[in-house]
Amino acid sequence: MNKKAKTRSESAQVEIVEIEPLQIEPLDEPPLDGDGRVRGTVAMSRALVNAQQGLTLNEKRVMMAALRCIDSKKSPYLHGKGNGYVSVRVRADEFAALAALAPRSGEKQATAAYEGLKEGCASLQKRQLTYMDGPRKVVLNWVWKAVYHEREGWAEVSFSPDLTPHIFMLQRRFVSYQLEFARGLQSLYSWRLLELLMRERDRGRLLITLEDFRHVLEIPATYRFADIKRRVIETAVNELNAKADLVISWTPVKLGRAVNSLDFKFIQNPQSRLALDGELPFEESIAAATAGS
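Per the working numbering, the very first residue in the sequence shown carries number 548; after that it's consecutive.
Simulated from the structure, these hints should not be mistaken for laboratory data.
All figures in this text were calculated on a predicted structure; none of them were measured in a lab.
Quick list of the computed label-pair ranges, beta carbon to beta carbon:
1) Met716 with Tyr770: 34 to 40 Å
2) Gln718 with Gly803: 39 to 45 Å
3) Leu802 with Glu699: 51 to 57 Å
4) Thr782 with Gln675: 21 to 27 Å
5) Gly803 with Asp618: 44 to 50 Å
6) Thr677 with Ser808: 19 to 25 Å
7) Met679 with Arg750: 18 to 24 Å
8) Glu747 with Met716: 20 to 26 Å
9) Gly601 with Glu662: 18 to 24 Å
10) Asn816 with Lys620: 27 to 33 Å
Taking lysine to any residue pairs in the SDA-like style, the calculated list, with each CA pair at most 20 Å apart, reads:
11) Lys607 with Arg638
12) Lys621 with Ala594
13) Lys684 with Ser592
14) Lys665 with Asp640
15) Lys684 with Arg674
16) Lys776 with Ile766
17) Lys607 with Asp709
18) Lys790 with Gly587
19) Lys673 with Trp691
20) Lys801 with Leu754
21) Lys801 with Glu781
22) Lys776 with Ser796
23) Lys776 with Leu757
24) Lys790 with Thr588
25) Lys607 with Ser619
26) Lys801 with Phe772
27) Lys607 with Trp701
28) Lys790 with Leu604
29) Lys776 with Phe760
30) Lys607 with Pro767
31) Lys607 with Glu666
32) Lys684 with Glu765
33) Lys684 with Pro712
34) Lys621 with Ala590
35) Lys684 with Ala594
36) Lys692 with Arg638
37) Lys620 with Ser723
38) Lys684 with Asp709
39) Lys607 with Ile766
40) Lys621 with Ser592
The beta-carbon is built from N, C-alpha and C at its ideal position, and this holds for glycine as well.
Full structure from sequences and hints, please.
This is the structure we're talking about:
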């Protein structure tokens, strides 16, 4: 090899740097508290709530179980080597609690939890979320790595660094809710509606255009309003009323003869053991939810 070729070869060499993410170990505690409620709160930017999240139900469970492991008010750059890469562990028993898997004999329930967690991790690395930042369309990956540890009952979820401003150092314009509100939800539409409602929980009212509702919940374009009402709205409202300790009502808002918007009003169930942050007394909650109607 002549000197010129050797120089080109040396300059073409690429240094491979192995990234060691900060590993956040799960708390050594059962996933349910003493009252049988799922432990933990998740928080995310409003942009994430308004985004097309592109997740399946099991993937959503895995991601939210992962988010509950972090402190959304702290910076990931203060830990480890300060590279901003954060990895968390999600245990099968945490997944089982969030999915509210039906009680079975211990071995069968464990198998169902392992399978659900494994399925939730299988394609998570490929999943992307999409949102608009002014005129710009932003597409982000949820994770850069998701590894299910066979026969060990846990998964390693490594958040995409691009997700950092949406899940860490949250000071304003963010949405948070207790995971207990999402426990046992069987419809992804229900979970997404829950997050939209939590975005407006200070008002107790969500007024959203039908177009935006279709977009955020990723409703098939083939669905007419009758389909949306039956398959999406009524299914989600009924499930949230039954499982999320909320009392939700809704009405379609027409522009001319066509439905243009959806008006959701909600309060916490007065019999609930859960408490929304900054919760008002029940009578005041009703007044706040119905104000301006």
